[in-house]
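**Q** Sequence:
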Amino acid sequence: MPEGAGLRYQEDDSASPKTAWANGMMAARQGVYQTALLWLERAVRLAPHDPRIALDLARTRIALKTPAQLRRAVADLNALAALHENIQIELALLTTHQLLGDGASAAAALAKLLQRHCVPDDAGFAEVASLITTATGGPGWCGWLPSGMLQISTMPGLKLTFLLDGALINLKPRGGHFSAPPTGILSILAGGKELAGSPLDLGYLQRVEGIVSVVDGTLIGWAYLPAAESAKPDLTLHDAAGAKLPISFGAAMAPDEAAPFARRFSFAVTAAKVKPLVPPLRITSTDDADIMGSPLDPVLFKAVQPIQMGSKISGIRVLPPRRSLAVVIPVYRDVAVTKACLTALQATLPANAEVIVVDDATPEPALAAWLDEMAQNEAITLIRHTKNLGFPAAVNAGFKAADGRDVLLLNSDTLVPPGAIEGLTEAVYQAGDIASATPFSNDATILNYPRRDGANAMPSLAEAVALQRDAARANGNAICDIPTGVGFCMLIRHDALAATGDMQVALFAQGYGEENDWCIRARTAGYRHVAALGAYVAHHGSVSFKAAGRALNTRNARTLNRLYPGYEALIDAHIKSDPLAPARYRLDAARFTRNRGKTHEAVLLISHNHGGGVARIIASEMQNIRASGKRPLLLVPGAPEDPNTTPFPWDAELTDDAPGDYPNLRFKYPAAREALLELLRAEAVTQVIFHHGLGHHPGVREIAADLGVPQDIVLHDYASFCPRVTLMNRPAAGMPLRYCGEPNVNACVSCVKMAGDETFENLGPVALIERSQREFARARRIITPSADAANRISRHFPGVRPTVTPWENDTIRVNLKPPGRGRRRIVVIGGIGPAKGFDLLIDCARDAVERKLELEYVVAGASADDNVLLETGRIFVTGAYAEGEATTLIQSVQADLAFLPSVWPETWCFALSEAWHAGLYTIAFDLGAQAARLKASMRGAVLPLGLPVQRINDILSAWQPNLRNSNAI
Numbered sequence: 001m002p003e004g005a006g007l008r009y010q011e012d013d014s015a016s017p018k019t020a021w022a023n024g025m026m027a028a029r030q031g032v033y034q035t036a037l038l039w040l041e042r043a044v045r046l047a048p049h050d051p052r053i054a055l056d057l058a059r060t061r062i063a064l065k066t067p068a069q070l071r072r073a074v075a076d077l078n079a080l081a082a083l084h085e086n087i088q089i090e091l092a093l094l095t096t097h098q099l100l101g102d103g104a105s106a107a108a109a110l111a112k113l114l115q116r117h118c119v120p121d122d123a124g125f126a127e128v129a130s131l132i133t134t135a136t137g138g139p140g141w142c143g144w145l146p147s148g149m150l151q152i153s154t155m156p157g158l159k160l161t162f163l164l165d166g167a168l169i170n171l172k173p174r175g176g177h178f179s180a181p182p183t184g185i186l187s188i189l190a191g192g193k194e195l196a197g198s199p200l201d202l203g204y205l206q207r208v209e210g211i212v213s214v215v216d217g218t219l220i221g222w223a224y225l226p227a228a229e230s231a232k233p234d235l236t237l238h239d240a241a242g243a244k245l246p247i248s249f250g251a252a253m254a255p256d257e258a259a260p261f262a263r264r265f266s267f268a269v270t271a272a273k274v275k276p277l278v279p280p281l282r283i284t285s286t287d288d289a290d291i292m293g294s295p296l297d298p299v300l301f302k303a304v305q306p307i308q309m310g311s312k313i314s315g316i317r318v319l320p321p322r323r324s325l326a327v328v329i330p331v332y333r334d335v336a337v338t339k340a341c342l343t344a345l346q347a348t349l350p351a352n353a354e355v356i357v358v359d360d361a362t363p364e365p366a367l368a369a370w371l372d373e374m375a376q377n378e379a380i381t382l383i384r385h386t387k388n389l390g391f392p393a394a395v396n397a398g399f400k401a402a403d404g405r406d407v408l409l410l411n412s413d414t415l416v417p418p419g420a421i422e423g424l425t426e427a428v429y430q431a432g433d434i435a436s437a438t439p440f441s442n443d444a445t446i447l448n449y450p451r452r453d454g455a456n457a458m459p460s461l462a463e464a465v466a467l468q469r470d471a472a473r474a475n476g477n478a479i480c481d482i483p484t485g486v487g488f489c490m491l492i493r494h495d496a497l498a499a500t501g502d503m504q505v506a507l508f509a510q511g512y513g514e515e516n517d518w519c520i521r522a523r524t525a526g527y528r529h530v531a532a533l534g535a536y537v538a539h540h541g542s543v544s545f546k547a548a549g550r551a552l553n554t555r556n557a558r559t560l561n562r563l564y565p566g567y568e569a570l571i572d573a574h575i576k577s578d579p580l581a582p583a584r585y586r587l588d589a590a591r592f593t594r595n596r597g598k599t600h601e602a603v604l605l606i607s608h609n610h611g612g613g614v615a616r617i618i619a620s621e622m623q624n625i626r627a628s629g630k631r632p633l634l635l636v637p638g639a640p641e642d643p644n645t646t647p648f649p650w651d652a653e654l655t656d657d658a659p660g661d662y663p664n665l666r667f668k669y670p671a672a673r674e675a676l677l678e679l680l681r682a683e684a685v686t687q688v689i690f691h692h693g694l695g696h697h698p699g700v701r702e703i704a705a706d707l708g709v710p711q712d713i714v715l716h717d718y719a720s721f722c723p724r725v726t727l728m729n730r731p732a733a734g735m736p737l738r739y740c741g742e743p744n745v746n747a748c749v750s751c752v753k754m755a756g757d758e759t760f761e762n763l764g765p766v767a768l769i770e771r772s773q774r775e776f777a778r779a780r781r782i783i784t785p786s787a788d789a790a791n792r793i794s795r796h797f798p799g800v801r802p803t804v805t806p807w808e809n810d811t812i813r814v815n816l817k818p819p820g821r822g823r824r825r826i827v828v829i830g831g832i833g834p835a836k837g838f839d840l841l842i843d844c845a846r847d848a849v850e851r852k853l854e855l856e857y858v859v860a861g862a863s864a865d866d867n868v869l870l871e872t873g874r875i876f877v878t879g880a881y882a883e884g885e886a887t888t889l890i891q892s893v894q895a896d897l898a899f900l901p902s903v904w905p906e907t908w909c910f911a912l913s914e915a916w917h918a919g920l921y922t923i924a925f926d927l928g929a930q931a932a933r934l935k936a937s938m939r940g941a942v943l944p945l946g947l948p949v950q951r952i953n954d955i956l957s958a959w960q961p962n963l964r965n966s967n968a969i
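In the numbering used here, the protein residues as written are 1 to 969.
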């Protein structure tokens with residue numbers, strides 16, 4: 001941040017990402033780009049999923065024009081472009097490649113921009129585009145305009161050639177442009193060479209995204225042109241009698257989470273205008289394509305008769321004879337994913353099964369051609385729609401073709417491993433009243449596995465095959481009742497389909513909720529739905545649902561709940577009761593056993609799940625264990641659904657890598673003690689390394705003894721004798737925390753009574769010390785990372801001599817930069833809470849303001865209350881950083897000196913290491929491992945604990961290293 005630039009821009013400054021974003025943009029408008037960079041990087045850390053902030057950050061990097069920032073901008077913009085279609089992203093990429101002197105990449109960016117978007121309404125764009133094509137030896141460029149015209153720029157004297165879907169056509173110029181054909185793939189060549197931007201997919205460039213709903217007889221919705229953000233779409237309302245009504249648009253709407261860059265325009269057709277029209281009604285674009293939610297019948301919506309969820313015809317008792325299978329797959333986009341789906345399916349089809357593919361008017365010629373080839377080879381039966389009718393209509397076409405057979409309704413973005421179809425078939429034929437069976441999947445709402453929240457990666461086919469084997473081994477042909485099937489892969493028995501009928505297109509349009517509606521109607525006919533617990537199918541998920549798709553989901557969910565009052569409560573009750581938990585546990589256990597591989601021994605590590613330095617050490621330790629040929633296992637407290645309201649102890653969660661890999665391997669002590677021990681014995685655990693017990697049931701501390709194996713205890717803090725964990729107390733109520741001085745046990749009892757127990761066990765100091773003495777006596781080794789920590793442990797536990805194992809090698813040379821003179825920026829590293837000097841830092845900042853010191857602070861990380869720090873006007877907070885990012889972040893804030901205001905005797909202090917790696921001398925208090933390391937390394941200075949803040953600031957403002965005696969102040 002340049003001198004005098006300041007840190008505050010708004011009087012109502014807060015810690016929100018919105019404020020950081022606003023401050024960053026204000027600084028950018030003022031041309032103070034380094035300050036803008038700090039604020040926008042903070043905003044991105046606080047709101048990492050907001051692409052608008054990320055784009056503004058990339059633009060700021062471009063404005064700085066340094067090679068390093070430009071390269072960062074390219075990486076950021078490519079990541080944005082992979083997720084969002086926006087011309088501003090493409091323009092920024094083009095500009096960045098130009099500034100880097102990368103002509104080839106600039107030309108590629110230009111071509112991509114012109115193929116995805118209309119020609120930008122910018123007087124300077126044409127000149128830039130021509131410069132790029134000329135510099136790379138291209139004949140010129142071409143692009144589509146929202147007016148329906150083509151803009152073409154070529155080298156003089158070159159003959160233009162136009163090919164529409166491969167056939168030569170003649171286009172004549174008009175007013176300096178050419179009239180574009182209404183649709184098709186248009187290739188434009190000049191002098192026999194293709195222009196940048198060619199070929200142009202005219203249908204893609206003119207596509208409309210929109211949604212329509214019915215509210216009290218009025219049609220309401222919105223629409224936009226993704227390829228032309230400033231243009232309003234051309235939509236028409238049609239009725240069944242041939243009447244037409246143009247749609248008029250209102251003002252642009254606020255951004256939507258699903259399409260944050262989209263400039264959507266709202267519309268409404270009043271009930272009075274709708275009433276005389278003959279349903280069903282359609283709202284279409286110029287190519288006669290329906291927007292989402294169309295067609296619809298306002299009368300049908302109004303005439304809906306709610307069915308209570310409790311209503312059900314008496315159960316069906318007779319099990320019908322088995323019939324052959326028809327696999328119905330609606331297809332629309334993505335040739336690669338569809339190929340993978342059908343290829344995997346062909347390898348596992350039962351005898352006499354037929355694959356019925358419904359091509360719902362795919363806009364991808366390559367996909368249509370491949371489906372034709374599959375049909376000609378008799379691998380599939382192909383039904384082709386001449387226009388896109390939506391998923392429910394495509395399903396109904398497949399139902400009709402199935403002609404009384406069982407139907408496996410399958411999404412085209414699935415991978416079906418061998419054994420899954422057999423498992424589903426066995427499930428639906430276990431009882432007469434079963435209508436459908438659905439497998440587990442990585443993305444299947446109530447049947448998600450392994451994580452219930454759906455945050456599961458898409459497995460490869462090989463992984464899906466292994467998971468199917470795990471499921472079959474763990475759960476066999478077991479089934480479990482579920483309130484609804486899930487349409488991504490749902491096997492429907494023929495009699496249930498005949499009794500229930502088709503999907504309701506008039507209510508659900510392009511889809512979402514239609515299979516739930518079908519399942520509820522089957523329930524009212526006396527059927528039920530089950531999960532096939534021994535089956536697994538991989539599913540990419542609804543990646544195609546953008547803003548309009550999400551809006552349709554919301555609309556159809558409202559329709560579903562209006563149709564069936566109590567449906568949402570039924571789903572909620574199922575989720576809360578979680579009857580699938582035992583099956584997921586068994587599947588996790590089977591997968592856990594399979595992943596053992598060829599290892600014959602295991603080492604169990606026990607810790608908390610708070611991350612930080614402890615997590616870093618555990619990750620390194622697990623890597624070393626794995627390298628030794630043993631299997632590392634980790635037991636941490638599994639976070640409950642609502643951690644803030646769930647008291648410790650939490651269930652213990654077992655993994656062999658990162659926490660969360662086996663989210664269903666949870667053990668509630670003491671009830672699940674034997675189940676956990678049985679699993680650990682099967683893994684041949686030969687050693688336990690106990691890192692931390694925070695959050696665990698006390699019984700977890702006995703695992704080594706229960707297994708009869710040696711245990712090492714690694715001490716990261718002072719929870720072995722201090723219920724406050726960090727040796728911090730309050731001299732009086734309301735005063736800041738400070739180092740307690742380690743008084744006698746009576747003072748500890750008084751301290752805990754006033755300040756509370758941070759171990760959350762409420763043992764009290766006496767009982768805590770007695771327990772630790774017993775554990776230390778049984779341990780094979782007690783390990784601390786520093787001699788300072790070892791000495792403190794020995795003082796409180798006479799006879800205990802910890803082994804000192806430093807986490808890092810401080811003798812490795814680092815290059816440190818002496819602090820500058822004049823105005824100084826001080827960096828404070830890590831998560832800054834009370835023990836790390838939060839209160840002291842505020843006092844230092846206030847003193848700097850009061851005395852008008854040339855001193856400012858940057859917290860490289862997060863804090864207990866960013867707002868309080870920011871409001872001082874002298875402290876900037878970057879926001880939390882990811883593991884491995886600290887050094888780069890610290891260097892980016894361009895600090896003169898690092899300050900560690902920690903007021904507890906740390907056992908190691910990774911923040912000190914990060915400061916050194918970033919090239920900074922460091923100042924800390926004369927306390928704990930941080931002081932011992934500074935004294936030994938001569939890479940900074942130590943201050944007396946309790947030094948007045950005025951004196952601290954004076955030292956931070958003037959300190960310079962003394963190579964002969966770096967401890968001198």
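Bear in mind the hints are in silico, worked out from the structure with no lab data behind them. There could be a bad hint or two in this list.
[Said to hold, decoys possible] Here are the simulated DSS-like pairs of lysine-lysine, each with C-alpha atoms no more than 25 Å apart in a straight line:
id : residue 1 : residue 2
1  : Lys668    : Lys576
2  : Lys273    : Lys302
3  : Lys275    : Lys112
4  : Lys576    : Lys112
[As the list claims (entries may be wrong)] Pairwise CB distance ranges (calculated):
id : residue 1 : residue 2 : range
5  : Gly250    : Asp481    : 31 to 41 Å
6  : Val278    : Thr348    : 39 to 49 Å
7  : Tyr204    : Ala22     : 27 to 37 Å
8  : Arg795    : Val749    : 12 to 22 Å
9  : Arg951    : Arg823    : 16 to 26 Å
Backbone N, C-alpha and C fix where the C-beta goes; we use that ideal spot for every residue, glycine too.
**Q** For each hint, tell me whether it holds in the structure or not.
**A** To see whether the hints hold, each was checked on the structure:
A distance of roughly 17 Å separates the Cα atoms of Lys668 and Lys576; the hinted pair therefore holds under the 25 Å criterion. For a cut-off of 25 Å, the pair hint linking Lys273 to Lys302 stands: about 16 Å separates their Cα positions. Taking the CA atoms of Lys275 and Lys112, the gap is near 45 Å; set against the 25 Å cutoff, the hint is violated. Between Lys576 and Lys112 the CA atoms are separated by roughly 47 Å; this puts the pair beyond 25 Å, and the hint is violated.
Between Gly250 and Asp481 the beta carbon distance is about 48 Å. The supplied range of 31 to 41 Å is therefore violated. A beta carbon spacing of about 47 Å between Val278 and Thr348 agrees with the range 39 to 49 Å that was offered as a hint. For the hinted restraint 27 to 37 Å between Tyr204 and Ala22, the CB-CB distance of approximately 36 Å keeps it satisfied. Look at Arg795 against Val749: about 18 Å separates their beta carbons, and that is inside 12 to 22 Å.
Range check, Arg951 to Arg823: about 19 Å between beta-carbon atoms, so the 16 to 26 Å window is met.
Of the numbered hints listed earlier, those contradicted by the structure are 3, 4 and 5.
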